[in-house]
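Colleague: Let's have the full structure, built from the sequences with the hints guiding it.
So the protein lines, in turn, are chains A and B. Each residue of the first sequence is one higher than the last, beginning at 1 in my numbering. Each residue of the second sequence is one higher than the last, beginning at 1001 in my numbering.
Please note that a few of the clues may not be correct.
Taking beta-carbon pairs under 8 Å as the criterion, some of the chain A residues facing chain B (in silico) [as the list claims (entries may be wrong)]: (1) Tyr8; (2) Thr13; (3) Gly21; (4) His45; (5) Leu92; (6) Tyr106; (7) Ser135.
Short, incomplete list of chain A residues facing chain B, as computed with Cβ under 10 Å [said to hold, decoys possible]: (8) Tyr67; (9) Gly97; (10) Val108.
If you're looking for bench data, these hints aren't it; they were derived computationally from the structure. None of these values were measured; they are calculated from a predicted model. The C-beta atom is built at its ideal place from N, Cα and C for all residues, glycine as well.
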Amino acid sequence: VRGRLIAYGFGATLIGVGGVGLLRDAADTDPAGWLIWFAGAALTHDLLLAPLVLGAALLTGRLPARYRRPVRVSLVLAASVSAVALPMVLGLGRRAGDPSRLPQAYGVDLAVILALIGLAAVLAVAVGAVRRGRSRGLR
Amino acid sequence: MLRRPDPARLIAALGRFASREHDERDQRTAAWLGVALGVSFTVAFVTGLISHFMQHPPGWAVWPSRPVGLYRLTQGAHVIGGLATIPLLLAKLWTVYPKLWQWPPVRSAGHALERALVLPLVAGALFQLVTGLFNIAYFYPFPFFFPAAHYWTAYIVYGALVIHVATEWAKVRGLRASRGGPGARPVGPSRRGFLATVAGACGLVGLTTVGETFTPLGGLALLAPRRPGVGPQRLPVNKTAAAAGVTPDPAWRLAVTGQVTRELSLSLADLRAMPRHVVRLPIACVEGWSAEATWAGVRLRDVLHAAGVDAGAHVRVESLEAGGRYRTSEVDPPHWHDELTLLALNLNGEPLSLDHGYPCRLIAPDRPGVLQTKWIARLVVHRS
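Modeller: Pasting the structure below:
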C-alpha cells in the first residue's frame, strides 16, 4: 500500500510538471491547439478507428475458419505498416531543394510490402489446406 | 425496480457487442500488452529526456563526448521504438475497448478517478505517437511547436502510466502467480496467436524503418523517411543553405572572440594550413536517422588553444544563418577537448557542399545533429 501511494504521488507530480510546463511554455505549446489534438487523438481512436476495426473483425468473423486466422493476421500487419507509412506515402513533408528528405517511392514500397503480406497469407491458407488433406489421407 | 434509460441499454449493448469478437475477459492478454507498453514507454521517456537535456543542458549536467555513438543509439531507440509501439498501443486499446462502454460508467468515487486518469494515458499515448510520426515525416498540421508539446506531454503520459501501473500491478503479478494454478485460464491458441500477431506487426514496422539508423539493415528501410547514403556527398541534409538563407561568401573568415587571450580571424586558407585531421563520425539526427561520414578539418581544441582559452571554457558556435532556433549551439569542455571534434572543411573526400555547411561546420562525437552547427561564422568563448 505504501509503495502504491508513493507511485500515485510520483505519477501525480509528473502530470503536474507536464501540465504546468505546457501552460508556462504556451508560446510554443499553444495549449488550446494542444488540447484539440490531445482529446482529438482519443476521440478519433474511440469513435472512428476502433469501430472500423470492430467492423473488420465482424466481417472476417463470417469467413470459414480456415481463412479467418490468415486473413485477420494479414489485415493487422497490413494496417500497422500502412498507418506508419501513411505520412511518408502522402509525402506532404517533401520540400523543393532537399531531395534527401523523404527520398523514396513510398507508395511503391508500401505496395510491395502489402503484396508480400498477402502472399504470406495465401501460402498460410495453402499450407493449412495441404496439412488437412494429408491428415484426412492418413485416416 | 428501476428501468435503465435507453442510452444506457444502448451503451451496454455496444459493450457486449465490442467484446464479442475478442475475449476481453481475458485480462492476461491486456496485462501482457501492458507490460510491453510499460517497457517501451519507459525507454521512450528516458531516451526523450536524454535528447531534451542534451539540447537544453541544465547547469548541473555535463554530457560526455563518448561513447561516440551513444546519442545515435538512444535516439534511434526513441524513434524506431516509438514507431514499433504504434501497433502495440493499438492492440492494447483494442483489448480494453469494451471497458470504454462499461455500465454503469462510474461505480464509486475511486472508480471515477481511476477512469478519469485513463484519459490522459490513452489520449497522451496516442498524441505522442501520432505527433512523433508526423514530425519524422516533416508533416506539421498541428498548431504547436512539436518539440515543446511532445516534451511536456511526455510527463503527463508517463505520470498517468505510473499511476495506471500502480493500480493494475496485481494483474501483472497475476501473470506469474496464476500460471497453471487453479482457476487459471489455459493459454489458448487465440491469446498466443493474438500476441504473436502484435509482435509480428511491431517487428515488421521496426524492420522496415530501422535501416535509417542501423546501416546494415539500410536496404530494408523501405518506409523510413531517410536513407543513410542518400543526399549531397552521400549524406542526408536536414536544413539546406537556401532554407537557412546562406549564400557563399568569398571574403568569409572565422572569428574567435570572447574570453580569449588573443582574438583570431582565420581565412579558409589559414584553416587549411593548420594540422589536418580525419575522423569518421555519424550525423545522428533527433528525428532518429543517422549516417556515418568521413570528415576532415581542424581540431576545435587546436583553434581554441591558438586563441588561448581556459580548460573549463564554454564555446558558443554561431552560424551565418540569419535566424532560427538552431542558429547557435554550445560546446562544453568534454566535447571541445575531444580529439574527434573538428571544424570540418571536407566531407567524404571533397570540400563541404554548401548544404552541408560550406565553408566550415562543426562535427563532434555523441551530439545531436541539430547541434552540429553548419556555416560557422564565429566561435564565442565564455565562462559558463
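Colleague: Now look at each hint and say whether the structure bears it out.
Modeller: Hints, one by one, checked against the model:
1. Tyr8: Holds, because the Cβ-Cβ distance from Tyr8/A to chain B comes to roughly 6 Å (cut-off 8 Å).
2. Thr13: 7 Å, holds
3. Gly21: 4 Å, holds
4. His45: Cβ of His45/A sits 6 Å from chain B, so the hint holds.
5. Leu92: Leu92/A check passes; min Cβ-Cβ to chain B is 5 Å, inside 8 Å.
6. Tyr106: 7 Å, holds
7. Ser135: Nearest chain B Cβ about 17 Å off; hint violated.
8. Tyr67: 15 Å, violated
9. Gly97: 5 Å, holds
10. Val108: 9 Å, holds
The structure shown violates the earlier hints numbered 7 and 8.
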